[in-house]
Structures are given as structure tokens and as C-alpha cells.
Amino acid sequence: MDELSIRIKIADREYPMKVKAEDEARVRSAGRQINERIKSYRERFGIDDKQDLLAMVAFDCLVDKMELDEKQYDTDESVLEKINHLNNIINQAL
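Per the numbering used here, residue 1024 is the first one in the sequence shown, and the count goes up by one each step.
Worth flagging that the hints you see were computed from the coordinates, not collected in a lab. Hints may contain errors.
[As the list claims (entries may be wrong)] Capping the alpha-carbon separation at 27 Å, the derived lysine-lysine pairs in DSS-like fashion look like this:
hint, residue 1, residue 2
1, K1088, K1043
2, K1094, K1032
3, K1032, K1043
4, K1088, K1041
5, K1073, K1032
6, K1094, K1073
7, K1088, K1073
8, K1062, K1032
9, K1073, K1041
10, K1105, K1094
11, K1062, K1073
12, K1062, K1088
13, K1088, K1105
Whenever a hint applies, use it, and build me the whole structure from the sequences.
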């Protein structure tokens, strides 16, 4: 398992971390997206306090994740219903 030592800069502060080589691009992308959201909030709301900006980004990210989780749950339920329906059709045909 190859691990890389990288540094990610978030809100003007660098964070050293070790990541799997296959995760490097995702981790760097996450760092860029966080910084983009910070910049967006700073410009939209005129907020300069980094702690406030980071809290807003964390909150925004969690809301996004919760929405995706709900959609995934709905999709899983829909797939399960379809599978059960198909099983019923197959059982009736036998």
C-alpha cells in the first residue's frame, strides 16, 4: 500500500497528511473545493473570520451529504421494490 505525504492548504493554513496514492487526486480536489466555498462565502457575505467561514462550509457540506444520503436511500428502496416485484412475477410464472 503506497502512501504519499502531501500538504493541503485550507483557509491559508497547511495541513500535512498521508494518503493512499489512489486517493491523492480526490483529497486535493476536496481541498480545492473547500477553498472555493470559503472564497464564495467571503465574497457573498463579506465575512473575513476564518472560523465562521469554515463553520459555514462544514455545515454546507453536511447538508449536501445528508441530501445525497436521502437520495441514495430512496434509490435503494425503489430498487428493492422492483426486485421484489420481479421476484413475485417469476414466482407466479413458476
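- Message: Are any of the numbered hints broken by this structure? If so, which, sorted upward?
- Response: 2, 6
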